[in-house]
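Novice: Here is how the chains run, residue by residue.
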Amino acid sequence: MNAALPEAVQRAIGVTRKRRFEVTARDIHRFAQAIGETNPIHRDQDRARNSRYGGIVAPPLFCQALTYEDVPPEQLLADGSPREISVPVPAVRTVGGGSEYTIHRLVRAGEVIEIKSTLKDVYTKQGRSGLLYIIVVETVFTDADEQPVATELATYIKRA
Amino acid sequence: MSKMGIDWSEFSLPTILPELVVTPTHSQIFMFSAATWNRHHIHYSRDAAIAEGLEDIVVQRALIGNFFVRLLTNWLGDTGEVKNISWRVLSSAVPNRKLRCQGVVTGHDPALSRDDLACEMTIINDAGETVATARATVCIQDLS
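As they're listed, the protein sequences go chains S and B.
So that you can map any letter, position 99 of the first sequence is 133 in the working numbering, and since no number is skipped, the others follow by simple counting.
So that you can map any letter, position 69 of the second sequence is 223 in the working numbering, and since no number is skipped, the others follow by simple counting.
Wrong hints could be hidden among the right ones.
What the hints assert, rightly or not - Sample of chain S residues lacking proximity to chain B, with all beta carbon distances greater than 10 Å (derived):
| hint | residue |
| --- | --- |
| 1 | Glu41 |
| 2 | Ala46 |
| 3 | Thr50 |
| 4 | Arg64 |
| 5 | Asp80 |
| 6 | Gly114 |
| 7 | Thr128 |
| 8 | Glu134 |
| 9 | Gly144 |
| 10 | Gly161 |
| 11 | Val170 |
Claimed, not checked - Coverage of chain B stretches by chain S, computed from C-beta distances (three or more under 8 Å per stretch; other residues unrestricted):
| hint | region |
| --- | --- |
| 12 | 192-201 |
| 13 | 215-223 |
| 14 | 229-237 |
| 15 | 251-257 |
| 16 | 269-278 |
Because the hints were derived from the structure by calculation, they are not lab data.
The C-beta atom is built at its ideal place from N, Cα and C for all residues, glycine as well.
Let the sequences and hints guide you as you build the complete structure.
Specialist: In structure tokens:
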């Protein structure tokens, strides 16, 4: 905990939001297209059926497609950045910093995935251009049997 | 090496991964924002990105991670899977600039299981600047 942080930020740390999404073959196909992945196991039912997966599976980092809430635009900050990183720090410019991502298994079309996003930490760091606010968000993805599918610890950087 | 997998008769450590060269476009960055429902304006509005001190719209942190994963899965083919990956973005990547994704399989980590291999990777832009670095563990199904 960083005492220099506004009280509202300190209160937000540890708060978890939950939601569920059903994954479709189309979601998987679109994600694969967006990352430039052409492996037929992500789009071709026949080829995927004959693969070791026995059906269409998503690319390893597919759960990124489920990370952000579908909140209406008016609930986002002016810069449109995801609500998951909407913390009231005195900084407005945001960039992605990094990620620690664990893949327990590949997601399949038709699955319902539960997503739990937790603001794990907010801390400050002195950067070349001034004070940086580092925002750490943990997202845990589980299946209908409550088994883990993927976990991501993502870091974002906000500056004035 | 092919999409079908690794020729283990030629495998030794360390192994250099076959380089992956990508050139993200405005269209790809837009598609990735749409696929992930990321509405942050630095990924679609050039004016907004420039107003924030960036050169152009920027490639998403998450998409950078997928470039690293493609570097790994192109090598692994059907013979293995990515178990975990951590990456850090060190400088912004912008559209229409070539990115060279490179890596090396460094070996068996004593902390990992027998079939796990550790990899280290880098993405370098066309000016020779490091855009991102990564470490990953891949699991090999038929390592013998």
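Novice: Now look at each hint and say whether the structure bears it out.
Specialist: A quick look at each hint next to the structure:
1. Glu41: holds (26 Å)
2. Ala46: Ala46(S) clear of chain B: closest Cβ-Cβ about 19 Å, beyond 10 Å.
3. Thr50: holds (19 Å)
4. Arg64: violated (5 Å)
5. Asp80: Fine: 16 Å to the nearest Cβ keeps Asp80(S) off the interface.
6. Gly114: violated (4 Å)
7. Thr128: Incorrect as stated: the minimum Cβ-Cβ distance to chain B is 7 Å, not above 10 Å.
8. Glu134: violated (4 Å)
9. Gly144: holds (18 Å)
10. Gly161: Per Cβ check, Gly161(S) is outside 10 Å of chain B; nearest 12 Å; holds.
11. Val170: holds (13 Å)
12. 192-201: Satisfied; 5 residues make the cut.
13. 215-223: holds (count 8)
14. 229-237: That given contact holds, which follows from 4 residues of the region 229-237 of chain B lying within Cβ reach (below 8 Å) of chain S.
15. 251-257: The restraint on the region 251-257 of chain B is violated, since only 0 of its residues have a Cβ under 8 Å from chain S and three are required.
16. 269-278: violated (count 0)
Of the numbered hints listed earlier, those contradicted by the structure are 4, 6, 7, 8, 15 and 16.
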